[in-house]
Each structure stands twice: as structure tokens, then as C-alpha cells.
Amino acid sequence: MTGAGPAAAAGHVDDGARVPYRRWRRWVASLRRRALVVRAAQDGGDPHDRVYLGYGVVLLALVYGPILWSALAQATAAVPLPEAAFARAVTLVAGAALALGVACLAALAAARAGGPVWISPAEATFALSGQFRPRDVLRRRALLLALGAAAGAAFVATAGAAGLVGGPAAVGAVPLLAAGAGAALLGQVPLAVGVAAQTPSRRRAATGVAGALLALGAVAAAVGATVAGGPVAAAGSWPGLAAGTNAGALLVVAVAVAVGATAAWAAWLVVRVLPDELDVDRAAAGQARTVTAGRGLVGGDSAAVADVLGPRAVAGRGARFVAPLLRRAPLVARDLLGLRRRPATVGGSLLAGVAGALAVRWGVGGDGVAIATVAGAVVLYAAVRPWADGLHAFAAQPQPGALLPGTTGHAVAGHAVVPTVLALLVAAAGGAGAGAAGLVAVLAVVLVALAARVWVAGATAAPPGLFTPMMTPNGDMSMLVLGAWYLRGWLVVAAAAWVLGRVGPGPATSVLLLGLAAGLAAAGVRRFARA
Amino acid sequence: MRAATRTHGTVQVLAPTTLSLGPGEAAALVGPNGSGKSTLLRLVAGKDEPTSGEVHVLGMSARRARLRRREDVAVLLGGLAAYPDLTVAEHLRLVASAWAGRHPGPDVETALAAAELDRVRDQLPGELSSGEGQMFALATTLYRPARLVLLDEPEQRLDARWRAVARRLVAGALDSGRALLVATHDPDLRADLARRGREVELAAPGPR
Chain A
1 MTGAGPAAAA GHVDDGARVP YRRWRRWVAS LRRRALVVRA AQDGGDPHDR VYLGYGVVLL
61 ALVYGPILWS ALAQATAAVP LPEAAFARAV TLVAGAALAL GVACLAALAA ARAGGPVWIS
121 PAEATFALSG QFRPRDVLRR RALLLALGAA AGAAFVATAG AAGLVGGPAA VGAVPLLAAG
181 AGAALLGQVP LAVGVAAQTP SRRRAATGVA GALLALGAVA AAVGATVAGG PVAAAGSWPG
241 LAAGTNAGAL LVVAVAVAVG ATAAWAAWLV VRVLPDELDV DRAAAGQART VTAGRGLVGG
301 DSAAVADVLG PRAVAGRGAR FVAPLLRRAP LVARDLLGLR RRPATVGGSL LAGVAGALAV
361 RWGVGGDGVA IATVAGAVVL YAAVRPWADG LHAFAAQPQP GALLPGTTGH AVAGHAVVPT
421 VLALLVAAAG GAGAGAAGLV AVLAVVLVAL AARVWVAGAT AAPPGLFTPM MTPNGDMSML
481 VLGAWYLRGW LVVAAAAWVL GRVGPGPATS VLLLGLAAGL AAAGVRRFAR A
Chain B
1 MRAATRTHGT VQVLAPTTLS LGPGEAAALV GPNGSGKSTL LRLVAGKDEP TSGEVHVLGM
61 SARRARLRRR EDVAVLLGGL AAYPDLTVAE HLRLVASAWA GRHPGPDVET ALAAAELDRV
121 RDQLPGELSS GEGQMFALAT TLYRPARLVL LDEPEQRLDA RWRAVARRLV AGALDSGRAL
181 LVATHDPDLR ADLARRGREV ELAAPGPR
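Protein sequence lines, in the order shown, are assigned to chains A and B. Under the working numbering, residues 1 to 531 are what the first sequence spells out, in order. Under the working numbering, residues 1 to 208 are what the second sequence spells out, in order.
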């Protein structure tokens with residue numbers, strides 16, 4: 001340390017003595033380039049491998065991007081819109097707020113996994129341990145993230161807008177551009193929430209923003225459902241947007257200004273303010289965990305993702321076993337205690353479960369659409385995960401159930417009691433008043449989601465056979481099959497819900513789904529026993 | 001276990017081994033790294049099958065015993081079957097309750113004191129130090145009732161004081177009439193077990 005000024009007293013390097021980051025970075029980049037060329041020469045590889053990789057990624061995006069865009073547009077086209085202009089506007093606000101809220105939740109999860117601003121452990125040591133200003137080091141990636149968030153949001157929003165007005169042919173370029181530009185601006189909000197969650201002082205505020213957006217979406221959706229009342233407009237009959245006119249021009253301008261100001265503020269936070277406040281070590285640790293989990297997944301270990309979000313906070317340390325229950329049903333008492341130690345997660349999952357059950361109920365109703373059934377079932381499958389925490393902990397043990405008496409089947413049954421009770425409660429809450437057929441349909445989907453959890457928990461390592469190369473005219477599909485194996489629970493639940501949505505509720509569908517649930521649960525127990 | 005071997009590919013990881021263990025007897029499996037101690041324990045636990053020879057546990061094949069006689073065999077191989085959201089004391093309470101009527105004791109507090117785990121009784125498994133975690137695993141494995149106990153290097157990551165505690169716990173398990181098969185590198189534990197039963201020296205692995 002030199003000098004005795006305030007900066008020196010505070011332990012800072014004098015700004016005049018700093019090596020400019022860009023010059024240092026250029027020097028490191030040239031070193032790495034040279035090392036890459038030398039390594040490639042030694043290994044007989046091609047030093048331009050990264051260029052080819054970039055070329056491949058761009059090519060894939062150009063091939064599959066339009067397909068994905070059309071699929072999104074088609075999915076949105078199935079969403080019915082209310083006829084009245086006010087109800088339509090409220091529905092639009094609800095959809096935007098919910099989409100932003102969900103994106104914010106994803107950004108909060110990313111913050112626990114080392115993103116959205118990624119920092120490698122080496123960077124944390126060699127570039128971010130005090131010698132350079134973090135905002136100088138991270139400026140380029142913050143700008144890249146802002147551009148990426150804008151592009152991603154515009155991609156989704158234009159597809160959604162095209163679907164809502166009846167397809168790309170039915171919508172003019174101006175509305176599409178307006179939707180894209182608006183989404184590109186609003187896309188900065190989840191990004192700012194994610195980066196704020198990477199700073200110790202703004203983590204709580206970031207969570208608050210996500211919660212506020214979800215609450216706004218829920219309230220707007222409820223208001224929309226109340227005012228819609230009337231007949232449902234067919235997709236494509238949205239004259240306001242199609243014609244590019246709006247009676248409340250002033251309101252539109254005000255909204256546009258508000259959106260622009262919010263986006264500018266969010267982008268300024270991401271690029272200029274938040275990088276200096278980042279918890280660099282936490283971000284680097286998160287990235288290291290994510291890389292490890294990725295390697296585990298490539299190696300066939302689905303349990304690898306369990307640690308991606310870092311150590312779980314356990315609340316409710318004061319909670320104790322319910323003594324009478326512990327004597328009669330120890331595993332039920334254990335699972336109940338586990339739930340009481342994660343009240344926020346369990347409460348959120350119950351709300352999500354009821355929302356999923358309501359979506360399934362609406363989907364199988366007279367005016368519902370199959371996609372609502374599928375979306376509801378997928379939400380239910382996600383919601384079941386915290387309820388089945390005891391079962392997953394049991395599955396992760398080196399010798400599942402080694403401490404407890406009884407067979408593996410008994411242990412699995414013991415761990416299934418609490419999630420089953422919660423599933424029945426959620427099914428009752430979501431299906432109440434839907435009539436016998438609707439209630440049974442909701443119940444069947446909930447049970448399929450629960451049984452799929454048992455089935456998936458029974459095996460965390462991919463069967464070696466999945467790694468056998470599977471040559472097709474489109475190349476080796478073995479990685480695709482491996483991906484499907486990881487997503488098998490989601491796929492089975494979505495497929496069952498799709499069948500229910502297409503065929504409709506009834507005795508045959510219910511028997512089919514309940515049979516599927518029984519089969520999945522039995523297969524899961526057999527796998528546990530073999531472990 | 002009669003002339004049991006285990007081979008992975010072209011590498012024999014367990015040379016032909018014959019061993020029998022009666023009720024209340026102890027055996028210390030000793031030998032250098034790679035001599036097949038853990039492999040032998042896995043064969044007895046029924047988690048692997050011998051390439052040749054046979055392994056019988058409690059009157060049936062080890063593979064079958066793993067499914068049919070789970071209640072009679074306690075195993076500590078590669079970590080404890082713990083729940084991440086239960087504290088140390090709650091794990092012992094869960095074990096005591098689940099085996100109610102068949103659990104010979106002692107009570108949870110006494111067991112914690114015997115393992116010198118009182119200080120961390122309200123900590124979660126993920127909050128324990130490496131040594132505390134190992135002692136917790138050993139204490140919990142020995143706390144559940146069993147006729148046969150299989151332990152793979154119970155002394156690992158323990159300091160001298162806790163190694164002595166581990167030896168006391170193992171001796172207590174023998175006193176209660178259990179059969180113990182223990183792979184170990186700890187000379188004191190090895191001597192203790194040899195005094196109460198026998199020592200099985202496994203052959204060093206061949207050139208690699």
C-alpha cells in the first residue's frame with residue numbers, strides 16, 4: 001500500500017496506479033490465443049474449433065428458431081380472448097405480468113446457480129479480487145446479457161402476438177414490431193432482478209419485485225375473468241391490434257414511456273450499478289456447481305442437478321416431531337417435520353398445485369383447451385416435488401432405508417403418505433364444484449404427477465444402454481434419448497394430460513390415467529428395491 | 001463365504017477368500033489399498049455378486065439376504081443413509097421409534113453421549129464437520145438393531161480421541177451379541193477385533 005490518503009487508508013489501490021483492465025485483458029487474451037495454437041499443434045487439433053462451434057450454433061438457431069417460433073405462435077393461438085376491449089386489455093396485462101413474474105423467478109433461480117452474470121472461479125481470483133473495478137471487468141457480458149434478454153423476450157412476444165391475432169399472416173409488421181420492441185424493453189426487468197439477486201444488499205428487493213409481478217398478474221387475471229363474463233372471442237378477432245389503432249392513444253403513449261423508462265433504469269442497473277455490488281465469490285461458486293452438475297448430467301447422473309442451487313436454507317429449526325405420530329408412523333412424522341422446516345417452499349408449492357389443478361379443471365371443462373390441461377399437469381408435477389422431499393432424500397441415500405425396519409416397499413409407502421394427502425387436498429381444492437367427471441379427471445392427473453415422482457425418484461443414474469450411439473439420417477440421437485430420459489417424468493405427465501385434454505374426461509380416461517399412476521408407482525418401488 | 005472371488009474385466013479385485021462368522025463374532029479385514037476389503041464387504045452386503053465361489057448370509061445367498069433379511073444386517077459402506085432436514089438427535093429418535101419394541105436401547109441421549117455427539121445434537125448432517133459426520137454415521141449405524149454389522153473403515157477422518165470413541169462403540173456392539181465384519185487400517189481397532197474374533201489378511205494386489 002502506498003500513500004496515506006483516504007483511499008490508502010481504506011485499503012484501495014490508488015486509481016492512478018491501476019493497470020487499465022482492457023489493456024490487461026488484451027494481454028491475457030493474446031496469451032490464451034498463443035497457448036491455444038500451441039496446444040492445438042501438439043494435439044493435432046484445429047485452433048479454429050471455436051469458430052466452427054459458433055458457426056454450428058448459429059446454423060442450429062437459424063434452422064430451429066423459426067420452427068420454435070411457429071410452435072409458440074400455434075400454442076398461443078389456442079388461448080381464447082374475451083371480446084370486450086377492456087377485458088382484452090386486462091388479459092394482456094395479466095399475461096405480461098405473469099410472464100415477467102415467471103421470468104423473474106427463473107432469474108432468481110439462475111442467481112443461485114451462478115448466473116445471470118457468470119463469473120468463473122479463475123476470474124474471481126485473478127481479475128475480481130480488488131485489482132480491477134468489477135463493472136469494467138463485467139461490462140461486456142452485462143451488455144451481452146441485456147441484448148440477449150431483449151432478443152429472447154422479443155422472440156417470445158412476437159410469436160405470442162402473432163398467435164393471438166390469428167397467425168403471422170393476419171398481423172401487420174407494425175404490431176409485431178411494437179410487440180417485439182415492448183418485450184425487448186420489458187425483458188430487461190427479469191435480467192435486472194436476476195443480477196440484483198446476485199448482490200447481497202438487493203437480494204430481498206429482487207425477490208419482492210418477482211412476487212409483486214406475480215401478484216399483479218394474478219389480480220389482473222382474476223379481474224379479467226370477472227369482467228370477461230361474455231362469450232369468448234375466437235383467435236384472430238382482435239381488431240384493435242390488427243388495425244393498429246387505439247382509442248386511448250394517450251394511455252398508450254403513457255404506457256410506452258413508462259415501459260421505456262423502466263427498461264432504461266433496469267439496463268443502467270445491470271451495466272453500471274449492480275456489477276460493483278456483486279458477491280463475486282458466491283457467483284463463482286455457483287458457476288462451479290453448475291459446471292459440475294452439467295458434467296454429471298452428461299455422464300448420466302440426474303441427481304447431479306440437486307446441488308445446482310447450493311445448500312438449501314432450512315427454516316423452522318424449532319419444529320419437533322409430532323410425538324404420537326412418531327410412535328405410530330415414523331416416516332410420516334419425518335416427512336411432516338420436513339415440510340414444517342420449509343414453510344415458504346411448501347406454501348408456494350401448494351398454491352402452485354391448486355393453480356395447476358384449476359388449469360386442468362378448466363382444460364377438461366366444456367370451453368377449455370388441451371394446452372391448459374397440459375400446462376396444469378406440468379405445474380402440478382413441479383408442485384409435487386417439495387411434498388415428496390422425504391422420498392427423494394430416501395432415494396439419495398447410499399443404502400436407501402438402511403436405518404429402518406421393513407421392506408423397501410414399506411419405506412416407500414411410508415414416504416408416500418404425506419405427498420398423497422397433500423395431493424388429495426390440492427385435487428379437492430382445484431376440482432371442487434367441477435362435477436364428478438371433472439373432479440375425477442383432476443384427481444387422476446394429480447395422482448399421475450405423484451406416481452411419476454415415485455417412478456423418477458427410483459432411478460437417478462441413466463441406464464448405460466442410453467449412451468450407445470444411435471445413428472439416424474440426422475446424426476447420433478443418443479444425447480436426445482438421454483435428454484428424454486432426464487425429462488421422462490415431465491414427458492409422461494404432459495402426455496397423459498394431453499390425452500385427457502384431447503379425449504375428455506370420462507370413465508375410460510380416468511381408468512387409463514389411474515392405471516398409469518399405479519404402474520408408475522409400482523415400477524418406482526421395484527427400482528428402489530433393486531437399488 | 002467360500003472361495004469367493006471378484007473380477008472386473010481382467011483385474012481380479014478379490015483373490016479367493018474363505019471366511020465364516022458366527023453370532024457375536026468379529027473379524028477385522030486388513031490389507032493394503034486395492035486388496036479387496038470393500039469389495040468383500042459389498043459381496044457380503046449383497047450389493048455385488050462373486051465372480052466365482054459363493055457368499056451366504058444368515059442361511060441364504062447374500063443377494064437374497066439383502067432383500068429378505070434387511071432388518072438383520074446393518075451396513076456402513078460409502079456414507080450414511082441420512083435425511084438432510086433432520087438433526088443428529090432426530091435421526092436417532094427416528095431409528096428408536098421405527099424399531100420400537102425391538103430396540104434394545106440405550107435411549108437417544110445416552111447414545112449421543114456415548115458417541116460424544118451431544119455438542120452437535122441439534123445440527124443437520126450437512127452442517128457437521130468431516131469427522132463429526134463420520135462419527136454420526138457410525139453411531140447411527142450401530143444404534144439400529146442388527147445381527148450382522150458391516151463397517152468399511154469406520155475410523156476414516158477421525159482424530160485420535162474419536163478413534164478411541166469409535167473403538168468403544170464397536171466393542172459395545174460386540175458386547176450386545178452382534179457379529180461384526182470390519183475393514184480397517186487402524187491398528188488399535190484391528191487389535192481389538194482380533195482379540196474378540198479373528199483377523200482376515202487379504203492379499204496385496206498384483207502389479208498394475
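Bear in mind the hints are in silico, worked out from the structure with no lab data behind them. Just so you know, these numbers come straight off a predicted model, no measurement behind them. Be aware that one or more of the hints could be misleading.
[To be verified] Label-pair ranges, simulated between beta-carbon atoms:
(1) B:Ser130 x A:Trp485: 30 to 38 Å
(2) A:Met479 x B:His103: 46 to 54 Å
(3) B:Leu19 x A:Leu466: 32 to 40 Å
(4) B:Ser130 x A:Ala323: 30 to 38 Å
All residues carry an ideal CB built from backbone N, CA and C; glycine is no exception.
Hint check:
Look at Ser130 of chain B against Trp485 of chain A: about 34 Å separates their beta carbons, and that is inside 30 to 38 Å. A C-beta distance of roughly 49 Å is found between Met479 of chain A and His103 of chain B, which places it inside the suggested range of 46 to 54 Å. Look at Leu19 of chain B against Leu466 of chain A: about 38 Å separates their beta carbons, and that is inside 32 to 40 Å. Roughly 33 Å separates the CB atoms of Ser130 of chain B and Ala323 of chain A, a value that falls within the hinted 30 to 38 Å.
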